[in-house]
Every structure is written in C-alpha cells, then in structure tokens.
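**Q** Sequence:
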Amino acid sequence: MISFLIFLGVFLFMECVTWLTHKYIMHGLMWYFHADHHQPKYANIFERNDIFFVIFALPSIVLFYFGVQGGMNYFFFIGLGITFYGFCYFMIHDVLIHQRFKWFKNTNNKYLIGLRKAHKVHHKHLGKEHGECFGMLFVPFKYYKM
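Each residue of the sequence shown is one higher than the last, beginning at 1138 in my numbering.
Keep in mind that a hint or two might mislead.
As the list claims (entries may be wrong) - Okay, derived cross-link-like pairs now, DSSO-like style, lysine-lysine, Cα gap no bigger than 30 Å in a straight line:
hint: 1; residue 1: K1282; residue 2: K1261
hint: 2; residue 1: K1254; residue 2: K1282
hint: 3; residue 1: K1247; residue 2: K1160
hint: 4; residue 1: K1178; residue 2: K1254
hint: 5; residue 1: K1239; residue 2: K1261
hint: 6; residue 1: K1282; residue 2: K1242
Said to hold, decoys possible - Cβ-Cβ distance ranges computed for the label pairs, FRET-style:
hint: 7; residue 1: F1241; residue 2: E1266; range: 27 to 35 Å
hint: 8; residue 1: K1257; residue 2: I1139; range: 23 to 31 Å
hint: 9; residue 1: V1191; residue 2: M1228; range: 17 to 25 Å
hint: 10; residue 1: F1278; residue 2: C1225; range: 14 to 22 Å
hint: 11; residue 1: K1279; residue 2: F1190; range: 26 to 34 Å
hint: 12; residue 1: L1166; residue 2: I1139; range: 31 to 39 Å
hint: 13; residue 1: L1142; residue 2: V1205; range: 18 to 26 Å
hint: 14; residue 1: K1265; residue 2: I1139; range: 20 to 28 Å
Hint data in this document are derived by calculation from the structure and do not stem from the laboratory. A virtual CB, placed ideally from N, CA and C, is assigned to each residue, including glycine.
Hey, can you work out the whole structure from these sequences and the hints?
**A** Below, the structure is given as structure tokens:
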C-alpha cells in the first residue's frame, strides 16, 4: 500500500514540477531548447524541445536502478511515478494536442477538450514572455466550460 501511495504522490507532484519547469526553465533559462516548440507547423520530426524528455527520463532511470538494486525499495516507486507521468504527458501533449502521432484525432471528452483549449492559449504566445497555462494534466476549470 505504501508503494502505491509513493507512486501516486510522485505522479501528482510531477504536475507541480512540470508547471514550475515549464514556466521558469523552459520559458526562462532553457528557452533556446523550447523556442522551436512554439513555432507553428514545425517542419522536422524532432524538436530541440525533445531534450526535456531525456532530462526527465534520466532521474527515472537512476531511481529504477537504485530501486531494483535495493530490493524494490521506494526509489523504484518514485521512478515509476515519474515515468508514468511522463507517459501521460507524452500521450496528452505529443499525441492528443500536437498530433505528432495520429492516434487520437477526434475526441468528445470534455476533459481532453479542456486540455487542448488551455494548451492552445499557451501557444498563442510565440515568445517566452506573457505565457499562461503551464501545466499539463490540471488546467483551470474555465477551459472546460468554453
């Protein structure tokens, strides 16, 4: 039971980490890597922005290693929470919203439509300033009502 609570807590905490990282790192210090993601109709398969996948994957890999070496200790479940959040982020951000993979083109789900709307508002700003809606899985309720 404690393992599941660690996993769930880390998964939920990752939304906070994502929001802070997106607002202050991606739209700040590391804007160079994120800038191409804000350009409409980016022509390449990969973006410089994809480096953040690697940055977030590395702690998970290390945590999995030490978690397995320690006999499936709490490090493993922390890594699992980060990894599962990353998978959800990928499915929502890259598949559903940006359609980098054409798996889920149409949806009538109000939650998913709200996520799309909030992300569209985020991308209306092509520069690093004046951004809004930096989260991924939890966005303001007003986007579900629009």
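**Q** Tell me the numbers of any earlier hints that the structure contravenes, in ascending order.
**A** Those not satisfied are hints 8 and 14.
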